[in-house]
Amino acid sequence: MKLIGLVDTTFARFDMGRSVIQELNATGTGFRIMRYTVPGIKDIPVAAKKLIEEQGCDIIVACGMPGPKPVDKISAQIASTGIMQVQILTNKHIIEVFVHEDEAEGLKDLGILCDRRAREHAINAYHLLFDPEYLTRYAGRGLRQGYEDVGSTDDPLKGGIRH
Amino acid sequence: MKLIGLVDTTFARFDMGRSVIQELNATGTGFRIMRYTVPGIKDIPVAAKKLIEEQGCDIIVACGMPGPKPVDKISAQIASTGIMQVQILTNKHIIEVFVHEDEAEGLKDLGILCDRRAREHAINAYHLLFDPEYLTRYAGRGLRQGYEDVGSTDDPLKGGIRH
Amino acid sequence: MKLIGLVDTTFARFDMGRSVIQELNATGTGFRIMRYTVPGIKDIPVAAKKLIEEQGCDIIVACGMPGPKPVDKISAQIASTGIMQVQILTNKHIIEVFVHEDEAEGLKDLGILCDRRAREHAINAYHLLFDPEYLTRYAGRGLRQGYEDVGSTDDPLKGGIRH
Amino acid sequence: MKLIGLVDTTFARFDMGRSVIQELNATGTGFRIMRYTVPGIKDIPVAAKKLIEEQGCDIIVACGMPGPKPVDKISAQIASTGIMQVQILTNKHIIEVFVHEDEAEGLKDLGILCDRRAREHAINAYHLLFDPEYLTRYAGRGLRQGYEDVGSTDDPLKGGIRH
Amino acid sequence: MKLIGLVDTTFARFDMGRSVIQELNATGTGFRIMRYTVPGIKDIPVAAKKLIEEQGCDIIVACGMPGPKPVDKISAQIASTGIMQVQILTNKHIIEVFVHEDEAEGLKDLGILCDRRAREHAINAYHLLFDPEYLTRYAGRGLRQGYEDVGSTDDPLKGGIRH
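Protein chains in written order, with our numbering: chain R, 21 to 183; chain X, 21 to 183; chain G, 21 to 183; chain B, 21 to 183; chain Z, 21 to 183.
Some clues are possibly wrong.
[As the list claims (entries may be wrong)] DEER-style ranges, computed between Cβ atoms:
no.	chain 1	residue 1	chain 2	residue 2	range
1	G	45	X	174	50 to 58 Å
2	G	21	Z	47	38 to 46 Å
3	R	74	G	22	34 to 42 Å
4	G	76	Z	52	26 to 34 Å
5	G	45	X	153	19 to 27 Å
6	G	76	B	150	30 to 38 Å
7	R	129	G	90	13 to 21 Å
8	X	129	B	125	27 to 35 Å
9	B	91	X	88	48 to 56 Å
10	Z	47	B	73	24 to 32 Å
11	X	153	B	42	53 to 61 Å
12	G	45	B	73	44 to 52 Å
Bear in mind the hints are in silico, worked out from the structure with no lab data behind them.
The C-beta atom is built at its ideal place from N, Cα and C for all residues, glycine as well.
Produce the complete structure using the sequences and hints provided.
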């Protein structure tokens, strides 16, 4: 039984954690999910490290929504840098599911983007955990999470591929 | 008996530490507060680490007020990066209560913002320490500290919710 | 038998990993290649660390394609910083083969640039692994990977040299 | 007997180390000062770490003067980040006394600013070393080093306070 | 017998390593130089760490030439941050001799600047290694490497001093 950690925030304006849980459960079995909600994105890295080191999680999905102001962009950079450090110190993947609040035009589109990115990254986390060689067949294929895939230089006219 | 560390600065123009202490005492019991005041925000991370490792604090609330100049913004980024590192090295949360001096229009509003953000983050720290699962019920709900909550994509017309 | 780790992404729009493998095999023998594909560039550092520490790789070639948006540029900086940290913690080289999506005018040129940079850095990795003193003969010679070499201040009129 | 480390540079255009030494000696006793001069600000962090770990210093005062060019501002950020890391790794304070070369209008004002900031931070270092609870009485009081204190939101008309 | 590590790159357009070696040999004795050439500046930090930890070097001189594009400036920042980290982890100085390709007007001036900065930093490295107290006599004197010294606020009319 593998343990998947899920870290999310009260700052975000969409419950991406719910999408992650639904998609993981629709994708496969053999894992248990442990959820840890923190106030904001800068609280995510230590929460992820605690889930890995104190709870034994094998991989983390970290959901956050950086705000639109310059200070929020700096916070996102600091949070991502922390997420990077935790991965390096623990040798565990943390799949970062960040949707910037200004990435979509309106609230409805923002919700749709959040849901889709969360689900597609949940699948990535599943494969990294259970079948790390799976993604090699899509190496260099221009995959995107939350948007249409953009394809590779080999098939520019075909548009993106779906996995 | 849990130990809550409080780090603040002489540079800030509002005594956020006082607000944190008042709010913590109004919220619950079972903890003792240890306060450590340093000159500026870049002195906060090592103070927090000393409180955790030398004094045994279980969580830290770190209050600071970055100045309005570009060099101050860089200092804030460095301080936040240090706060991040201390969390990652110690597996303890440090709740960062930073109010930028140019975040409010006048001194009076600045004081109100400082007081409110300090109090709301004090409550966050309390929950993370005594009931880490508490915040999950507000995951993705668009909570803000110091301002009105902005709500989630599910309830945009209802405006923010209060917890 | 040396072990060369190859990390690449599904986000990139060209299969640089394939170019690296072809060029390494055309350059010499005495090594085995271990490939690990991850979603995006921020997933590369921990993948590289796992290849080094869990699989015993002696050197890593890390291929990625940062997107054209400002947020992508930040991601590239965070990824590179992580790659730097992994090298410092493991004392192993990670040759970073990053091609920015907006570095070439069109998709065809982008593919050519990717292929060429990947191959020239594969050769660099080979030399660092098997003959670390090799590159000293080209110290300060203005070599470039993916573009024409620009030469040194000693031979500005001769243009770049090829190795 | 406490040991205060003093790190400064040949790049700076004012001998802030001299001001620090004078002010420390005028403030109290019970310490010895160990001085280490390096070329530039990016050489400061390792010098501070060597003073702490190889010489046993209890606290460091680090004086530097970042130049006015953009590349100098980046150097200042890197130096400050290194100073932060050394503090976190050693659990010792490093009081950063940086005066940017373009912070004052002319050379004379630059010298006055350097001298004053160095002296006021020397006092901060003294208190952090011998009486860490001293600064709490000035928490949130808008103290500044090198300039007039700006005061708190409680006393905006009174202007800054002096300690 | 001390061991001085020299790290340089094939990307640079001037052989600064040669200048460093010549100047060190003209300055004193009692050391041996170990040279390690890597492709670019981001490969320098781990090379320096390997020279220190695997070869026993006592100090490192690291020569590099960041390119003129924004992405090159980011690379320089990442490289410098890595050089900083290696120093902090090893307690050894790494004297960074970086000349930005756009720092001089033409190729000839670029070469002159490279040669001069490399030589003046070689002398700094020599003093830090054999006589660490030497530089204190020049503390706050406005020394520059590669350019004329700018002097201190005490002697603005005298211009720079030479050491």
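Against the structure, the hints come out as follows:
no.	hint	result
1	G:45 - X:174: 50 to 58 Å	holds, 54 Å
2	G:21 - Z:47: 38 to 46 Å	holds, 44 Å
3	R:74 - G:22: 34 to 42 Å	holds, 37 Å
4	G:76 - Z:52: 26 to 34 Å	holds, 32 Å
5	G:45 - X:153: 19 to 27 Å	violated, 53 Å
6	G:76 - B:150: 30 to 38 Å	violated, 52 Å
7	R:129 - G:90: 13 to 21 Å	holds, 20 Å
8	X:129 - B:125: 27 to 35 Å	holds, 32 Å
9	B:91 - X:88: 48 to 56 Å	violated, 24 Å
10	Z:47 - B:73: 24 to 32 Å	holds, 28 Å
11	X:153 - B:42: 53 to 61 Å	holds, 56 Å
12	G:45 - B:73: 44 to 52 Å	holds, 47 Å
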